[in-house]
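> Next come the chains, spelled out residue by residue.
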Amino acid sequence: MKISARNQFKGVVCGVTVGVVNVEVQVRLNGGEVIVASITKESADVLEIKEGIEVIALVKAPQIIIATDLGGYRLSARNQLQGTVTKIIHGAVNSEIDITLSGGDLVAATVTNDSVDTLGLNEGQAATAIFKAGSVILAVC
Amino acid sequence: MKISARNQFKGVVCGVTVGVVNVEVQVRLNGGEVIVASITKESADVLEIKEGIEVIALVKAPQIIIATDLGGYRLSARNQLQGTVTKIIHGAVNSEIDITLSGGDLVAATVTNDSVDTLGLNEGQAATAIFKAGSVILAVC
Amino acid sequence: MKISARNQFKGVVCGVTVGVVNVEVQVRLNGGEVIVASITKESADVLEIKEGIEVIALVKAPQIIIATDLGGYRLSARNQLQGTVTKIIHGAVNSEIDITLSGGDLVAATVTNDSVDTLGLNEGQAATAIFKAGSVILAVC
Chain A
3 MKISARNQFK GVVCGVTVGV VNVEVQVRLN GGEVIVASIT KESADVLEIK EGIEVIALVK
63 APQIIIATDL GGYRLSARNQ LQGTVTKIIH GAVNSEIDIT LSGGDLVAAT VTNDSVDTLG
123 LNEGQAATAI FKAGSVILAV C
Chain B
3 MKISARNQFK GVVCGVTVGV VNVEVQVRLN GGEVIVASIT KESADVLEIK EGIEVIALVK
63 APQIIIATDL GGYRLSARNQ LQGTVTKIIH GAVNSEIDIT LSGGDLVAAT VTNDSVDTLG
123 LNEGQAATAI FKAGSVILAV C
Chain C
3 MKISARNQFK GVVCGVTVGV VNVEVQVRLN GGEVIVASIT KESADVLEIK EGIEVIALVK
63 APQIIIATDL GGYRLSARNQ LQGTVTKIIH GAVNSEIDIT LSGGDLVAAT VTNDSVDTLG
123 LNEGQAATAI FKAGSVILAV C
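Chains as they are written, first to last, in the numbering used here: chain A, 3 to 143; chain B, 3 to 143; chain C, 3 to 143.
This is chain A alone, in the form it adopts within the complex:
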């Protein structure tokens, strides 16, 4: 699959919650982390989403927020993956940050340079990659 979404997480569906218009799908990554995706019910039906099938969870880099210290706050975002900053590429306005999860998966996030400075982001630093369930697209073969 040749597709521009920087984050392509392979996993297996391990839970499905059905609403009227939307469906929430839990995907266990090969590395062990669980990602939650919110997709429309029509898509879930067409793709025949059910527990046990293999999927790829796609997330664009600009959809991902990076936290280095939540300071006691809890977030509504369903996806909060802990890892280590392993690469920083600086641009004029934005930087790309790569975070390697404990399970081995890599998360790429695009954040503004101001955020890189404010967080004092450095390679080797612990960080959490955060994104909403609604940011995830599922791919089924």
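Hints are computed from structural coordinates only; laboratory data are not their basis. Worth double-checking, as some hints may not be accurate.
Same chains, same label: a pair holds when it works inside one copy or across any pair of copies.
No farther apart than 30 Å at their CA atoms in a straight line, the calculated lysine-lysine pairs in the DSS-like style are these [as the list claims (entries may be wrong)]:
hint: 1; residue 1: Lys43; residue 2: Lys89
hint: 2; residue 1: Lys12; residue 2: Lys43
hint: 3; residue 1: Lys4; residue 2: Lys89
hint: 4; residue 1: Lys43; residue 2: Lys4
hint: 5; residue 1: Lys52; residue 2: Lys89
hint: 6; residue 1: Lys52; residue 2: Lys12
Keep in mind it's a predicted model, so treat the numbers as computed, not measured.
Place chains B and C on chain A using the hints.
Showing chains B and C alone in chain A's frame:
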């Protein structure tokens, strides 16, 4: 309307599915393609969204994923518009890709330079612009 | 809280609408504006979201659209905050635009340079920051 969303697709509402909190709206573009938008029920009520009315579907460029080969995968994203890459603007971290649809509409996507390289994106190449229903904002006059 | 989301609006929950999968939360900012967030029901339960509690509404800069003139159009986006452009930082492909709201809150948006040109954005200009309820993450202490 002077608004920064790079993608402003004119069309006519050709379908509405009502949920408890969200409403799914289908919009037929002047070029023939159909876009699906997921908006809140309150917005649908306030804007009096119904079949037959003219709307503009707004999508920001960073919300759009580009695929050149799905390799047999099917995606949960409701919007998958096929076209041809007609322009590439390179930045330090991100590039802007313009895709012209068969109906004539233009789709602008912002993707990382790594993705441009991985996909081997070139002008003249066939490509699909992919975005979730939840990325679409509807404008009504 | 050290987190990369450029927009971190402090406020108090002033309304909650519960759906089957999603919950809509209204947050009154300290400056007086009201932001609407759409989060999953499970998150709302875990975070014990209810009227009167203090929250921080997080929104990434690329999720925000800027309008200078809606030309009679009304938008489905639940969040439309009026203010004044107070800063523009130009990059190769994207620019960052800061809008100061009447209540004093600052909104940072990332838009393409083409949009900056098309809108003729300048410091001191009146502008509206627009984003969907689904783009908002809530943080609770």
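> State for each hint whether it applies.
Here is how each hint holds up against the structure:
1. Proximity of Lys43 to Lys89 under the C-alpha cut-off of 30 Å is found in neither arrangement, the shortest distances being 37 Å within a copy and 35 Å between copies.
2. Proximity of Lys12 to Lys43 under the C-alpha cut-off of 30 Å is found in both arrangements, the shortest distances being 21 Å within a copy and 26 Å between copies.
3. Within a single copy, Lys4 and Lys89 get their C-alpha atoms as close as 23 Å, and across copies as close as 19 Å, so both meet the 30 Å cut-off.
4. When the C-alpha separation of Lys43 and Lys4 is checked against a cutoff of 30 Å, the pair qualifies only within one copy, where the shortest distance is 26 Å, while the shortest distance between copies is 34 Å.
5. In this assembly of identical chains, Lys52 and Lys89 lie within 30 Å of each other by CA distance neither inside one copy nor across copies; the values are 35 Å within and 39 Å between.
6. In the homo-oligomer, the alpha carbons of Lys52 and Lys12 lie at most 30 Å apart inside one protomer (15 Å), although the nearest pairing across protomers, at 36 Å, exceeds that limit.
Of the numbered hints stated above, those contradicted by the structure are hints 1 and 5, listed in ascending order.
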